[in-house]
Amino acid sequence: MVEAKEKITVSFTVNGGDVEIQVAPEMALVDMLRDGLLLKGAKRSCDMQVCGACTVLVDGVPVSSCTVPAFEVRGKSVTTIEGLAADDRLAGLTDAFIDNAAIQCGFCTPGMVLAAKSLLDSNPDPSEDEIKDYMRGNICRCTGYKKIVEAIREAADKAVQA
Amino acid sequence: MTQERQFNTVGQSVKRIDAFDKISGRAVYSVDVVVPGMAYAKLVPSPLPHARIKSIDASRARALPGVYAVLTGAELVNMETHYGSDKKDRPIVALEKVRFQGEPVAAVAAVDLATAEAAAELVDVEYEELSAASNLASALLPDAEPIHDSNYCHEYGYEWGDVDRAFAGCDRIFEDTFVFPMVYHYAMEPHTCVVSYEGDRIRTWTSAQHPFLVRAELARIFGMQLDQVQVVVPYVGGGYGSKSYTKIEPIVAALSREAGRPVRLAQSVEESMKTVRRHAARATVRTGVMNDGTFVARECLSYVDTGGYTDNGVRVTERISDRIVGPYMFNNVRVKSYGIYTNTTPAGSYRSIGGPQASWACESQTDIIAEALGIDPIELRLKNLAKKGDQVRRGKRPLEGDLAPKLQMVLDKFGWGNYVREDPSPTVKRGIGFACNVTNSGASPTSTSLVRFHADGSATVYIGTTELGQGSRSVMAQIAAEELRIPLSSIKVIGSDTDAVPYDRSTGSSRSTTLMGLAVHDAAVDVREQLMELAAKHFETFPDQIDAADSQASFKGESLTFGALVREMFGGSGGELMGRSYVTQNHSSGRLTEDPVFWEVSIGAAEVEVDEDTGTVKLLRYVSASDPGKAINPKQVEGQDEGAAMQAIGHSMFEEMLFEEGQFLNPNLVDYRVPTFEDLPGEFETVLIEFGDGPGPYGAKGVGEGGIVCVAPAIANAIFNATGVRLHELPLTPERVWRGIEESRR
Amino acid sequence: MKPFRLYEPTTINETVATLSSLSVGGKLYAGGTELLLAMKTGLLQYEGLVNVKSVPELDGVSFADDTLTIGARATHSMVEHSADVLAHAPLIASVEHRIANVRVRNVGTVVGNLCFAEPHSDPGALLLLYEAVVDIASPSGPRSVSVEELVVGPYETSLAGDELVTHVRVPLLPTGMRGAYLKFGYHHRPTLGVGAAVTVVDGKFVDVRLTLGSAPPKPTRLREAETLLHGAATDDGAVATEAGRIAAEACDAIDDLHGSAEYKRHLVQVFVQRALTEAVERGVK
Numbered sequence: 001m002v003e004a005k006e007k008i009t010v011s012f013t014v015n016g017g018d019v020e021i022q023v024a025p026e027m028a029l030v031d032m033l034r035d036g037l038l039l040k041g042a043k044r045s046c047d048m049q050v051c052g053a054c055t056v057l058v059d060g061v062p063v064s065s066c067t068v069p070a071f072e073v074r075g076k077s078v079t080t081i082e083g084l085a086a087d088d089r090l091a092g093l094t095d096a097f098i099d100n101a102a103i104q105c106g107f108c109t110p111g112m113v114l115a116a117k118s119l120l121d122s123n124p125d126p127s128e129d130e131i132k133d134y135m136r137g138n139i140c141r142c143t144g145y146k147k148i149v150e151a152i153r154e155a156a157d158k159a160v161q162a
Numbered sequence: 001m002t003q004e005r006q007f008n009t010v011g012q013s014v015k016r017i018d019a020f021d022k023i024s025g026r027a028v029y030s031v032d033v034v035v036p037g038m039a040y041a042k043l044v045p046s047p048l049p050h051a052r053i054k055s056i057d058a059s060r061a062r063a064l065p066g067v068y069a070v071l072t073g074a075e076l077v078n079m080e081t082h083y084g085s086d087k088k089d090r091p092i093v094a095l096e097k098v099r100f101q102g103e104p105v106a107a108v109a110a111v112d113l114a115t116a117e118a119a120a121e122l123v124d125v126e127y128e129e130l131s132a133a134s135n136l137a138s139a140l141l142p143d144a145e146p147i148h149d150s151n152y153c154h155e156y157g158y159e160w161g162d163v164d165r166a167f168a169g170c171d172r173i174f175e176d177t178f179v180f181p182m183v184y185h186y187a188m189e190p191h192t193c194v195v196s197y198e199g200d201r202i203r204t205w206t207s208a209q210h211p212f213l214v215r216a217e218l219a220r221i222f223g224m225q226l227d228q229v230q231v232v233v234p235y236v237g238g239g240y241g242s243k244s245y246t247k248i249e250p251i252v253a254a255l256s257r258e259a260g261r262p263v264r265l266a267q268s269v270e271e272s273m274k275t276v277r278r279h280a281a282r283a284t285v286r287t288g289v290m291n292d293g294t295f296v297a298r299e300c301l302s303y304v305d306t307g308g309y310t311d312n313g314v315r316v317t318e319r320i321s322d323r324i325v326g327p328y329m330f331n332n333v334r335v336k337s338y339g340i341y342t343n344t345t346p347a348g349s350y351r352s353i354g355g356p357q358a359s360w361a362c363e364s365q366t367d368i369i370a371e372a373l374g375i376d377p378i379e380l381r382l383k384n385l386a387k388k389g390d391q392v393r394r395g396k397r398p399l400e401g402d403l404a405p406k407l408q409m410v411l412d413k414f415g416w417g418n419y420v421r422e423d424p425s426p427t428v429k430r431g432i433g434f435a436c437n438v439t440n441s442g443a444s445p446t447s448t449s450l451v452r453f454h455a456d457g458s459a460t461v462y463i464g465t466t467e468l469g470q471g472s473r474s475v476m477a478q479i480a481a482e483e484l485r486i487p488l489s490s491i492k493v494i495g496s497d498t499d500a501v502p503y504d505r506s507t508g509s510s511r512s513t514t515l516m517g518l519a520v521h522d523a524a525v526d527v528r529e530q531l532m533e534l535a536a537k538h539f540e541t542f543p544d545q546i547d548a549a550d551s552q553a554s555f556k557g558e559s560l561t562f563g564a565l566v567r568e569m570f571g572g573s574g575g576e577l578m579g580r581s582y583v584t585q586n587h588s589s590g591r592l593t594e595d596p597v598f599w600e601v602s603i604g605a606a607e608v609e610v611d612e613d614t615g616t617v618k619l620l621r622y623v624s625a626s627d628p629g630k631a632i633n634p635k636q637v638e639g640q641d642e643g644a645a646m647q648a649i650g651h652s653m654f655e656e657m658l659f660e661e662g663q664f665l666n667p668n669l670v671d672y673r674v675p676t677f678e679d680l681p682g683e684f685e686t687v688l689i690e691f692g693d694g695p696g697p698y699g700a701k702g703v704g705e706g707g708i709v710c711v712a713p714a715i716a717n718a719i720f721n722a723t724g725v726r727l728h729e730l731p732l733t734p735e736r737v738w739r740g741i742e743e744s745r746r
Numbered sequence: 001m002k003p004f005r006l007y008e009p010t011t012i013n014e015t016v017a018t019l020s021s022l023s024v025g026g027k028l029y030a031g032g033t034e035l036l037l038a039m040k041t042g043l044l045q046y047e048g049l050v051n052v053k054s055v056p057e058l059d060g061v062s063f064a065d066d067t068l069t070i071g072a073r074a075t076h077s078m079v080e081h082s083a084d085v086l087a088h089a090p091l092i093a094s095v096e097h098r099i100a101n102v103r104v105r106n107v108g109t110v111v112g113n114l115c116f117a118e119p120h121s122d123p124g125a126l127l128l129l130y131e132a133v134v135d136i137a138s139p140s141g142p143r144s145v146s147v148e149e150l151v152v153g154p155y156e157t158s159l160a161g162d163e164l165v166t167h168v169r170v171p172l173l174p175t176g177m178r179g180a181y182l183k184f185g186y187h188h189r190p191t192l193g194v195g196a197a198v199t200v201v202d203g204k205f206v207d208v209r210l211t212l213g214s215a216p217p218k219p220t221r222l223r224e225a226e227t228l229l230h231g232a233a234t235d236d237g238a239v240a241t242e243a244g245r246i247a248a249e250a251c252d253a254i255d256d257l258h259g260s261a262e263y264k265r266h267l268v269q270v271f272v273q274r275a276l277t278e279a280v281e282r283g284v285k
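Residue numbers (this note's numbering), protein chains in the order written: chain A, 1 to 162; chain B, 1 to 746; chain C, 1 to 285.
Be aware that one or more of the hints could be misleading.
Computed cross-link-like contacts, DSSO-like style, restricted to lysine-lysine with a CA-CA straight-line distance of at most 30 Å [unchecked claim]:
1. A:Lys7 <-> C:Lys204
2. A:Lys132 <-> C:Lys285
3. C:Lys183 <-> C:Lys204
4. C:Lys53 <-> A:Lys76
5. A:Lys132 <-> C:Lys183
A few chain B residues facing chain C, derived, Cβ under 7 Å [stated by the list, open to error]:
6. Glu155
7. Tyr156
8. Thr614
9. Asn666
10. Val670
11. Arg673
Okay, the calculated bits of chain C under chain B, using three or more residues with CB under 8 Å as the criterion [as the list claims (entries may be wrong)]:
12. 176–188
13. 255–264
Simulated from the structure, these hints should not be mistaken for laboratory data.
C-beta: ideal position from N, C-alpha, C; glycine also.
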């Protein structure tokens, strides 16, 4: 067995619900979410903050949960893909992704959608260049990106009209 | 005929049936599978690329609390020790020697991953280092240390006509050599599996593309019957060929047997980059032509680098030769290729095996020839292009459709004829380039399907096809809905569980819509015909008098739901109809006996901007083509083509696995550069071509691979058009382009 | 990652004391975007990480006396979006915006980046252009050194193991001086970064600063090239070319995954000239 040197109590909010969990300092946020809380939406892929498959929102901003330690969310609000169903604007984003065939294997999708949500939260009407710039940290190997850009543009259009 | 039919769902870009699963986070991938009592595995990789194993001492590792088992070669008893698709040359765990850096020499199963990792570090291995060959050149040296019996894996060739005499009679002969790099698929989900070895049966959940082939392999290794092995493939986070055939299941199964409990291995991206890659290649194309541009003779010699083990090396060696003649009619051809072992990651399937490598060579040369003869590169292609019915490769199926109109569609979309070159500055140049090819696709016509039609009018469709992202579940649902005459929302698709679904050979080589699609189509028709029989009985008429639409059977103004027909048959509230089908080479009146199942067409046009001072190439525009015959789901078809083209942008511009004396220098995503949003060309279009010329349902044929084949030569041809510099080696990094420009100036 | 213990001091003094007591087993931890990566791959290993984010004194971004002060807790994102930075040194905001990706910027810190001293990186070369200074807390009392003196080589700073950079102070460019920063590369990390800040009077360079990052082993000030440019006309192509040549020779580049040393030196030549042009024509504060 490999024993942790200590345990840290992490009290935080995830998807609107309060949680308290004990973690070792070296535990990554993605492992706490996936194994501790069974929120399997966030994925581990590159494990080096390059691909974005592990993207979750902490206090509304995207972070790489593969590298951010679990203890860092103490007192913070975490949003994973599972928590987005209730969000109205997100329903528009979800529909746009689905309608524009912006999902293929789906492994990048949770991280991609959360990044897109964060983009639209800070910039509700982004140009194509702004979308590419903001989203360049989220990799997709299936779609070739075009339909994801179209989906984000459509979600932005619909939200602006609403 | 099929063009006039009115469809209900076929031809519509319906929402993927797995879309909500995937976007909500509840889609299950292999890494999400948890089995009671499951242990966690860590492989012990060889740090050396080529070495004899002198000893392995796992005692310290085994003694670590929480370790259930350590598997080494010594534990591979009462079982087959090797596996592989065409050659069973891959040991389940390294035996007497290691042949590439990263080859597993042991595997640890422990109570958690941290313990397994700690134990892996305690496995002591003594090696006797051997000299390593990192590339084709060093592997082919006469005194190279043989990696297997020799460094030759496979040899292939064919010829027709009289090549030597033909060359003698040509006006011009061109000979050029091209180099294609080692690249990695980077499926975002690394190879992952859970295997439970249970004495008289094996169960596995794995991100594999071909569950039935994995089942056969595991059964053979452990001396079991097919029914004793269950392979379940959940959603796969990307395949592209990297998860073809059998990869990590045997070692995990053996470890599970050793540990006496289920074991999960979830590889890291680095470990997966040390599991499989695309074949690098060196291809020499020699072409004899007349001054008027007539292609007379072609002779090719290709070497493909298959890494430390064969994996799919036999077929790739063959396909590069099949594809290097291009889409042109040559009366004299002699093609030869060799698969060569090197001490690097084994090379296997990757989207259009041998296709990009072959086209990089032959379609670059087409423009070289055009330039030398003073003929427009499009005119040169059109002059020699194969036509419908031509034997573009002797002994193979003739070309099913005309290519010239397909080329024209892409050229028109691109605005090729109207292109006016505008260089932004004296040192920033623009240019356009084009490439096309045909690739033999479809693999093997061996598919079966089962449709269960329920008593409430809904249906379940069983397919062996794995859902890798290509949208197979949705396409099969659409075909079934169409033929059953029920709404898409009444269809459930069950896939890729060898205990539950009937046999399908594989998911790859663009075969699923065509072959599994035919199977689903036929099984659904089988059900519909049974429903018509029931309706005929009910209405006291003949089946051909019954009108079937919208889940109902109608006759002379009266109708009955399909569900009611089923219930009536069984006389209660339950019951079920079953439809089944077999697709073999005898299907479609023997149409599938010819090889290939179909020719996949590949076309691409590119506009680039080259900064000559730095060598930076910006891809301004790219127009690709997707030729599905009939697009069952047009947006999905586009998405596949766009994805394929983007992967090709990767291998064209910056992707390269670098090895030095067998040491893998960049096995991670920081140092191995894959395309991002910023690599999207300003204009990125796919032309959808639907001439109904495929052997699949409604004239459909496969897609997904064509888009990756012609990007590199189109870009290189555009760079030549812009700067006059011809490049022979990929990727076209800024440094490579800059050096090419500098050399041309001397 | 191997297990470690987390220390969370609440004052600068406590931080220094904790570092001292941990000795080689301890390391400062802020965003961890580079440190944790190295620990995950096993390249680095520490018994204890000392969290600077629990120290309020190390906070954020502030502006006073023509100087931007960036605390050790400030992330790239904070700097990128800071009203003070956008108003007084927009060049810094624009370069920070292009670092890595949005997730790394939300977590990684500017001070952490300087101290990790990854050669293929922008903040060092950028802040060198501003002649920035770091404030250091240590057991023997506070001291300050220029960024130039802080970073001494690849992954190497002049800090002792028990020292902590608390802030980086960035003086604004002098009145009339305008800057540009060009970066080049297609990898995840940059291959080359060139900073140029110029003061132009009557079409001549009156003051020039040139910095180089990513290609050399550490952020480098190109003083010889600067000297050459002093007094030269901004449209004097020959001088600009010569300055580029000198800069390339000063580059000390090596062959690596980003390219050959020869190519990198060539890029230096090209980009020094381009950065000068950019600074002259479109330079910002």
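Going down the list of hints, with the structure as the test:
no. : hint                  : in the structure
1   : A:Lys7 <-> C:Lys204   : 63 Å, violated
2   : A:Lys132 <-> C:Lys285 : 26 Å, holds
3   : C:Lys183 <-> C:Lys204 : 25 Å, holds
4   : C:Lys53 <-> A:Lys76   : 14 Å, holds
5   : A:Lys132 <-> C:Lys183 : 18 Å, holds
6   : Glu155                : 35 Å, violated
7   : Tyr156                : 35 Å, violated
8   : Thr614                : 6 Å, holds
9   : Asn666                : 6 Å, holds
10  : Val670                : 5 Å, holds
11  : Arg673                : 5 Å, holds
12  : 176–188               : holds (count 4)
13  : 255–264               : holds (count 4)
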